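Visitor: Listed below are the residues making up each chain.
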Amino acid sequence: MSPLLEIEDLRVSFRTEDGVVGAVDGVSLSVDRDRTLGIVGESGSGKSVTGLTVMGLTRGRSTTISGSVRFDGRELTTASDAELRTVRGNDIAMIFQDPLSSLHPFYTVGRQLTEAVRAHRDVGQGEAHDRAVELMRLVGIPEPEQRMRAYPHEFSGGMRQRAMIAMALVNDPRLLIADEPTTALDVTVQAQILELIGELQKRLGMAVIIVTHDLGVVAEIADDVAVMYAGRIVEQAPKEGLFGAPRHPYTWGLLGSIPRLTAPRDEALVPIAGRPPSLIHPPSGCRFHPRCPYVRPHHTRIDPQLEPTGDPDHDVACLLPDPVRRALWAKLAAGATPQEARATEDEMMGPPTETETETQAGRP
Amino acid sequence: MSADVLLEVRDLIKHFPITRGIVFQRQVAAVHAVDGVSLAVHRGETLGLVGETGCGKSTTARTMVRLLDPTSGTIHYEGEDITHVKGRRLKQLRRELQIIFQDPYSSLNPRKTVGSIIADPLVIHGMLSGKSERKRRVQELMDLVGLNSEHYNRYPHEFSGGQRQRIGVARALALEPKLIVADEPVSALDVSIQAQILNLLRRLQSELGLTIVFIAHDLSVVRHMCDRVAVMYLGQVVELADSDTLYQHPRHPYTGALLSAVPVADVVAATTKQRQVLSGDVPSPVHPPPACRFHTRCWKAQPVCRETTPELEPKPGGSIAACHFPLTDEEAAERIPTVSAAGPVEPSA
Amino acid sequence: MTRYVIRRLLWVVVLLFLVSALTFVIFFVLPSTDPAALRAGKTRDPEVINAIREQLGLNKPKIEQFWIYLKGIVLHFDFGHSYLNNLNVRDEILSRLPATISLSLGALVIWLFVGISVGIISAVRRRSLMDRAAMGTTLVMISAPVYWLGLVSLLLFSQGIGVIPIFPGSGSYTPLSEDPWKWFTSLILPWLVLSAAFAAIYARILRANMIETLSEDYIRTARAKGLSERRIVLGHALRSAITPIVTLAGLDLGVLLGGAILTETVFNIPGVGRLSYDAIIHGDLPTVQGTVLFGAFFIVILNLVVDIAYAYLDPRVRYT
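Chains as they are written, first to last, in the numbering used here: chain A, 69 to 432; chain B, 525 to 873; chain C, 1220 to 1539.
No lab work stands behind these hints: they were computed from the structure. Only a predicted model underlies this, so the values are computations on that prediction, with no experimental measurement involved. Any given hint could be a false lead.
[Unchecked claim] Which stretches of chain A does chain C cover? Using the computed rule of at least three CB atoms under 8 Å from a CB of chain C, they are:
1) 147–158
2) 165–177
[What the hints assert, rightly or not] Pairwise CB distance ranges (calculated):
3) SER803/B <-> ALA402/A: 51 to 59 Å
4) ASN1304/C <-> THR543/B: 25 to 33 Å
5) THR131/A <-> GLY1381/C: 47 to 55 Å
6) ARG1345/C <-> HIS221/A: 24 to 32 Å
7) ALA150/A <-> HIS681/B: 20 to 28 Å
8) VAL1465/C <-> GLN193/A: 24 to 32 Å
[To be verified] Quick look at which bits of chain C chain A covers, simulated, 3 or more residues with Cβ under 8 Å:
9) 1395–1404
10) 1512–1521
Glycine residues also receive a C-beta, built at the ideal position from the N, C-alpha and C atoms.
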């Protein structure tokens, strides 16, 4: 049986005044029922655009979309707007980062929920109301009957996100896309919402895609993880594999940049040098090469593809040979700096054949 | 002890009044933003203030450096009572007490060049009157924070978020302050950039001997940056300890809940710890709950918590906490991911 | 809310007092015809003029005159009598109000309908040919002075002088109570002329508001719910974008009810605007005072209505 959602070679670009922004550039992934996929990346990595494109929410006159998004065997990229509307909010639902700005400020929460019910079900106001109340109760909003009549600004941040979740789930979607669902929330409320999403997923058997910049959130809630950089997936693996044995230098960089409660307090942070590249003129070859401490001259010319690493379901797009990557990670995991690890690389592969200056030539 | 205290606040209260009236406005209530905070900032340390939205951490810090006037309480800086100073003395103090803001996009004037933004404090305080002298100082500052000093004449929009935050840091450093309040300095930045700014602040602190009051909602970041941490809830400090003590032996249940809620990028810890999820939301700071303000959400609360306000006092383990029923080490260990031997797993060859 | 309304009504009284005092002062500071001479008509006899001056109380100190005037308004709702023709100012204004109300409300309906429709279509089809044409037209409408537009429309369409004589011309106003059909046809041209600039401004404002609203997060949420584009535009986006329009419409209507001077003059409609125009020309203080106070009254009251309406339109707004 094919997976519930299958994305193949998805490309999304936007025409802007400055040029064509290739926001998503050849992304393939799949999610199945009862699974949670985490898509991690920084701003501009294309993680949100990927989620929005599944819903058809990036369509527009200045957008070009190619590739394929199949939901339950049905092609969505070529579906008409009307067909897509029957899927949105029905089979696939979405929640967003800021629940305050994502709810209409002038309508009561109840009205917005019943509207979602009636968009897809031919039911009366009363029945829609009952369904909305049922969902409000399910997501843990106290006194749902009263709260139906309240406006979004009368809710607290956490309650608003619960209301958003209730609204997303009124039509029993089979896939829930959560775009940074906890980024705008306080840490204790974030814990509540993550727990709620996890619980509901188990209970309703949904597939969930959670888009986030926070590796911690992914470690908590996801089964599988895709790491995105500059519009592409650079590493994809089950959670245990990704955190236990990451294979891509960017993933190492991310893990090294965040202070962790589980690490010794004085452990130095190792930031990734530079900053995310322009998507109008992406770097040649491997898109991470201008920031990669382990870059080799040919990496500026050859575009790496996502390939199996040998570990189960673990794919990575990196031009370094697998044994070298393993050795590098072993060094880093033992506390070496990228410079020290780089020495190992040079030992294994010999010094770079071309000069360093040439390597950097691709970047201004 | 008092010798190395740079700045100290006692019983600091800051209320924002809510008024009502037809012709004459009278006060009907107040937002209790800061409600009786006593804290000392030691010379050369980084003191962290953590807590959730509305806990008063930003207001506390801003009142400390006299950007806001306290409703009551005292502020002592280097032994001098600065609670009510005005005019020239206040202007002098502004030189020594600086602040870095969260949003690197809105806190820089888009119509000024980076050079003049950084030079502004020098001009305002009439320092380095010579033009070339001032320019040299600005470029020195740009070098110091890792900006290319040739970009002196560029405008803020030509810089990325991380670089703009560096500009903010350079501006704060221009007057060689003794104390810097860093108000959520990395919250608006991408993960890989966050680390650059955090490392910069740490380096500057050790190079320049700065004292930093570091405000953040991210507990991992605070732990990494701070020597001592004060946990705030609804306008009050509920626990105060040095970082290691606080994170290993938290005593206040609220601290425990905060630590437990932090998502950790560590699969072993994420799947083995028993998460303590607080129910409900933070109560309104207009009508805070009586006695212990945390009792409405606390799983250890007893009737006494609703009646008697717990004092901030030393608890076993070294931290100072305001709680009648402090957490035990066992309770903490169950809920909080600790420094694990687990770490990253060795690759299976 | 009640407190708020009471406070605002107190301010209305204060404001009207200030307005009347100000017109009074301006009138006596600026050189104008001697009211007594005005009333005396063709007579130049100083005796007669003096007698009239005595009768009108013009010999009394200015402050006392003002006091008497205020007392008349407060105690008897009496605005005095015109210097020009001795008619009661209050009755004169009230008798002319229906014409002004007919003109203003009719124009309001037209400009709201046209402005909102064009605004929505232009926002949804942004940068299309239709949008560009509409926005070009609005610029012309805003730039064209009302009296010019009025005269051109008369030359083009009015019976008698028009090239295509399809509408009654200037001075053909008939009250609604007399002949509804004639009332309607006589007002078509004035309505169109008066509403042109307003419709254009409203279309531009609504277009800008709609474009901004359509990029809001909650519109994305509405799309994610699977609502039809029609529901999204008319139900969600318009609901937010129209709020400032409602405010503006209230204020503009308040101004017009005080007299659409230019339109009424061009089309010779016997409304309050026409009345105040004549009164100003002749230096007829009581009538000027009366029309100014009426105008100010409409403006401040509609202002209050708009502010109260705002609280209902935007549930986040609460007055205390």
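Visitor: Now tell me, hint by hint, if it's right for this structure.
Guide: Hints versus structure:
no. : hint                               : result
1   : 147–158                            : holds (count 7)
2   : 165–177                            : holds (count 8)
3   : SER803/B <-> ALA402/A: 51 to 59 Å  : violated, 42 Å
4   : ASN1304/C <-> THR543/B: 25 to 33 Å : violated, 53 Å
5   : THR131/A <-> GLY1381/C: 47 to 55 Å : holds, 51 Å
6   : ARG1345/C <-> HIS221/A: 24 to 32 Å : holds, 29 Å
7   : ALA150/A <-> HIS681/B: 20 to 28 Å  : violated, 41 Å
8   : VAL1465/C <-> GLN193/A: 24 to 32 Å : holds, 27 Å
9   : 1395–1404                          : violated (count 0)
10  : 1512–1521                          : violated (count 0)
The structure fails to meet hints 3, 4, 7, 9 and 10 from the earlier list, while all remaining hints are met.
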